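So the protein sequences, as listed, match chains V and C.
All residue numbers for the first sequence refer to this note's numbering, where the first residue is 1 and numbers rise by one.
All residue numbers for the second sequence refer to this note's numbering, where the first residue is 378 and numbers rise by one.
Simulated from the structure, these hints should not be mistaken for laboratory data.
Be careful, since some hints might not be right.
As the list claims (entries may be wrong) - Quick list of in silico lysine-lysine cross-link-like pairs, DSBU-like style, CA-CA up to 30 Å:
hint : chain 1 : residue 1 : chain 2 : residue 2
1    : V       : 177       : V       : 371
2    : V       : 251       : C       : 614
3    : V       : 237       : C       : 626
4    : C       : 751       : C       : 665
5    : C       : 626       : V       : 251
6    : V       : 237       : C       : 651
7    : V       : 79        : V       : 177
8    : V       : 274       : V       : 79
9    : C       : 380       : C       : 742
10   : V       : 110       : V       : 2
11   : C       : 628       : V       : 237
12   : V       : 335       : V       : 2
13   : C       : 456       : C       : 486
14   : V       : 249       : V       : 177
15   : C       : 626       : V       : 274
16   : C       : 487       : C       : 712
17   : C       : 651       : V       : 251
18   : C       : 628       : V       : 274
19   : C       : 628       : V       : 251
20   : V       : 237       : V       : 251
21   : V       : 274       : V       : 237
22   : V       : 249       : C       : 614
23   : V       : 237       : C       : 614
24   : C       : 486       : C       : 554
25   : V       : 288       : V       : 374
26   : C       : 614       : V       : 274
27   : C       : 628       : V       : 249
28   : V       : 249       : C       : 626
29   : V       : 249       : C       : 651
Claimed, not checked - Quick list of the computed label-pair ranges, beta carbon to beta carbon:
hint : chain 1 : residue 1 : chain 2 : residue 2 : range
30   : V       : 166       : C       : 653       : 31 to 41 Å
31   : V       : 152       : C       : 580       : 27 to 37 Å
32   : V       : 153       : C       : 530       : 45 to 55 Å
33   : C       : 620       : V       : 202       : 35 to 45 Å
34   : C       : 713       : V       : 156       : 45 to 55 Å
35   : C       : 411       : V       : 253       : 17 to 27 Å
36   : C       : 678       : V       : 191       : 39 to 49 Å
None of the values given here were measured: they were computed from a predicted structure.
Every residue, glycine too, gets a C-beta built ideally from N, C-alpha and C.
So you can see what is in the structure, the chains are spelled out below.
Number of protein chains: 2
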Amino acid sequence: MKKVVVLGAGMVGAAMAKDLVADAEVTAVDVNSENLSRLAQQSSVHTIVADLSDLAEVKRRVAEFDLVIGAVPGFMGFKTMQAVIEAGKNIVDISFFEEDPFELDALAKKQNVIAVMDCGVAPGMSNLFLGYHNATMDVESFECYVGGLPQVRTWPFEYKAPFSPIDVIEEYIRPAKIRIDGKIHTRPALSEPELLHFGEIGTLESFNTDGLRTLLQTITVPNMKEKTLRYPGHIEKMRLLREIGFFSKQKIDVNGCAIRPLDLTTRLLFPFWKLGEGEQEFTVMKIKIAGRENNVRREYVYDLLDRFDPATQISSMARTTGYPCTAVARLVLAKRFARVGINPPEFVGADQGCFQFVLDYQEKKNIRYRKTVKDIV
Amino acid sequence: MKKVVVLGAGMVGAAMAKDLVADAEVTAVDVNSENLSRLAQQSSVHTIVADLSDLAEVKRRVAEFDLVIGAVPGFMGFKTMQAVIEAGKNIVDISFFEEDPFELDALAKKQNVIAVMDCGVAPGMSNLFLGYHNATMDVESFECYVGGLPQVRTWPFEYKAPFSPIDVIEEYIRPAKIRIDGKIHTRPALSEPELLHFGEIGTLESFNTDGLRTLLQTITVPNMKEKTLRYPGHIEKMRLLREIGFFSKQKIDVNGCAIRPLDLTTRLLFPFWKLGEGEQEFTVMKIKIAGRENNVRREYVYDLLDRFDPATQISSMARTTGYPCTAVARLVLAKRFARVGINPPEFVGADQGCFQFVLDYQEKKNIRYRKTVKDIV
Chain V
1 MKKVVVLGAG
11 MVGAAMAKDL
21 VADAEVTAVD
31 VNSENLSRLA
41 QQSSVHTIVA
51 DLSDLAEVKR
61 RVAEFDLVIG
71 AVPGFMGFKT
81 MQAVIEAGKN
91 IVDISFFEED
101 PFELDALAKK
111 QNVIAVMDCG
121 VAPGMSNLFL
131 GYHNATMDVE
141 SFECYVGGLP
151 QVRTWPFEYK
161 APFSPIDVIE
171 EYIRPAKIRI
181 DGKIHTRPAL
191 SEPELLHFGE
201 IGTLESFNTD
211 GLRTLLQTIT
221 VPNMKEKTLR
231 YPGHIEKMRL
241 LREIGFFSKQ
251 KIDVNGCAIR
261 PLDLTTRLLF
271 PFWKLGEGEQ
281 EFTVMKIKIA
291 GRENNVRREY
301 VYDLLDRFDP
311 ATQISSMART
321 TGYPCTAVAR
331 LVLAKRFARV
341 GINPPEFVGA
351 DQGCFQFVLD
361 YQEKKNIRYR
371 KTVKDIV
Chain C
378 MKKVVVLGAG
388 MVGAAMAKDL
398 VADAEVTAVD
408 VNSENLSRLA
418 QQSSVHTIVA
428 DLSDLAEVKR
438 RVAEFDLVIG
448 AVPGFMGFKT
458 MQAVIEAGKN
468 IVDISFFEED
478 PFELDALAKK
488 QNVIAVMDCG
498 VAPGMSNLFL
508 GYHNATMDVE
518 SFECYVGGLP
528 QVRTWPFEYK
538 APFSPIDVIE
548 EYIRPAKIRI
558 DGKIHTRPAL
568 SEPELLHFGE
578 IGTLESFNTD
588 GLRTLLQTIT
598 VPNMKEKTLR
608 YPGHIEKMRL
618 LREIGFFSKQ
628 KIDVNGCAIR
638 PLDLTTRLLF
648 PFWKLGEGEQ
658 EFTVMKIKIA
668 GRENNVRREY
678 VYDLLDRFDP
688 ATQISSMART
698 TGYPCTAVAR
708 LVLAKRFARV
718 GINPPEFVGA
728 DQGCFQFVLD
738 YQEKKNIRYR
748 KTVKDIV
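Excised from the complex, chain V in its bound form (with noise of 0.2 Å):
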């Protein structure tokens, strides 16, 4: 049986960990004690507390396994991965590091490693779905539209989220880059805000950010953008909180002491963003592709609603991430991905038979992507 280990034993890691133990010898490793001891009383998941901060131990901890899952917050997620492909060993990521991977690309190659990363589901599935579209037709353009929401829609701000209030705050501050007509925009995060309708959920509200990340590189199709989805009124909110200045980073005095607006906001922001225990919340994503097919021009839409799953108390958010990771880490495992170096998703959606494995396995947990197609008049 293969040996997999999964560093970060968070929310999402907890989720992969326990998907992978079908298949695989899983080992999970993370700081918090009280994160493993959960996972070790649900699942067969072997638990190692260490702190993977510290590269040396990250480099001995993974020396014995066949791949890695990389679940570290963001912030740890690049020298996570640099230390993993020093110690020569493959790994499929979603801890949503802000550096550029192909800065491990020639590092990757030279250690005759397989990584993947950003492999959630946007970045992760939105990237998988363009590289498929683009590998067997000329793609003019690509809107991707994903939020993760509370059921319950509790005033004021009708969101919560299982990360840092921070993490959210950053993608209300950084600017958005956007592609149009082939050339790079920059557009103001919570900017171009624009309502969409969905069946099962009702209206929501896109506001443009900044997560086509590795696709402004890989991908040369002219018209790019990507928006978070929320309820309506969030972001009027939130540019509210910006323009007062409660997001700044810059210190200002208050009394005497110096602080950063930011930092007093997240601490307000922690009880009301907190996503609770078992708490109903729900994915939503829509991708749409178009351009010319066989002489034909054609728009595909994939649509996602996907629901915490009561049964196994997992989130969608957990579900709709982990298990695009988990089905990548299956192909590495098989050798049906095999390409040497740093591969963001779309490199994996562009090899037919490996999209369609990611997209039955997330079928058989019951993660329908519904695809329309239609031709363009």
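Since chain V is already given, all that's left is putting chain C on it; use the hints.
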């Protein structure tokens, strides 16, 4: 010629000093020499730089005058008035202090002093109208809607004030006492939003504020409420900031610094809410007084819309707050209002001659309270 001293030469104090020179020899006292030198340039007002938080200084300064006008900041108002009364001088005041003025009533009577307080627009004119009608009819309900707003509406607040954000936010925190069917009820600040339509201004929203003050003690009308007016949308933004905790006075730790969130918030809001020099603004007020008069059920409505005066560059806030005070000052100087003790403006309004004088005085300044009377059938 009578000698009048104005304590405090801020925006309203300066406007009052300039107004009073027509009928008196006027001296203005302020700690801020810039305020005073501007005033001296524009008028024949004498000026003295002095720190009025020193109460012995207050007593010395008022000694040679026939009348004192109190226009210090609210937090200094009560003690300043006490010092003036101890010095045996009559005073008409617009400092809008929080303390119960009637605590000074016995002292004023002992000193044979006429003291009129809250003598602005609201509190002020609102009290005057109710005092007037309460003397001649059986008033069943009193409603006051009032706001000072900028002409130009700028996102996100569409609000400007000539005073500190902390004084504005206090109105958004402090619960409002209102009277319903003879009983005092407490309502949260910013509660019971209600839209009102004003011909020239458009639609405004109103919310409960704690502005009835002395009326709850002096007048037994069974239904009384005061609401503040803003451009629509302001309430929701203020409720959001309050809900998050940005108006909190509880210290919390931010990276090792204990700060009150309110202190950061007022720092950040200051540039947004600061009324610019010469910035166009207006005051809008609607007062409804209903009851039984000569066996007929009748409603009186008074509507005020007053704007920044480009000729004098005096703001509407200073005009509508300052001229009721200077009108009453003239009544006191002429011994036409001579009730010894503490007098809120409802006591002045109860005298028909005084009431008419204050209205006529403002009409000459083009501050018009449009009266509508209708019998309720």
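Would the hint linking residue 249 of chain V and residue 614 of chain C be met if the CA-CA limit is 30 Å? holds, 22 Å
Cβ-Cβ distance between residue 713 of chain C and residue 156 of chain V: within 45 to 55 Å? For residue 156 of chain V against residue 713 of chain C, whose Cβ atoms are near 53 Å apart, the range 45 to 55 Å holds.
Distance restraint between residue 626 of chain C and residue 274 of chain V, which requires alpha-carbon spacing of 30 Å or less: Holds - the C-alpha atoms of residue 274 of chain V and residue 626 of chain C are around 24 Å apart, at most 30 Å.
CB of residue 620 of chain C to CB of residue 202 of chain V, is that within 35 to 45 Å? violated, 23 Å
Starting from residue 628 of chain C, check that the Cα of residue 274 of chain V is at most 30 Å away, please. holds, 22 Å
Please check whether residue 152 of chain V and residue 580 of chain C have a Cβ separation lying inside 27 to 37 Å. holds, 32 Å
Has the given pair, residue 237 of chain V with residue 251 of chain V, been kept, meaning a C-alpha gap of at most 30 Å? holds, 23 Å
Hinted pair, alpha-carbon criterion (30 Å max): residue 486 of chain C, residue 554 of chain C. Please report holds or violated. holds, 29 Å
Is the straight-line distance between the alpha-carbon of residue 274 of chain V and that of residue 237 of chain V 30 Å or less? holds, 18 Å
CA of residue 79 of chain V to CA of residue 177 of chain V, is that 30 Å or under? holds, 24 Å
Within a Cα-Cα threshold of 30 Å, do residue 237 of chain V and residue 614 of chain C meet the stated pairing? holds, 8 Å
Take the C-beta atom of residue 166 of chain V and the C-beta atom of residue 653 of chain C, compute their distance, and say whether it sits inside 31 to 41 Å. holds, 35 Å
Hint compliance for this structure: hints 32, 33 are not met, and every other hint is.
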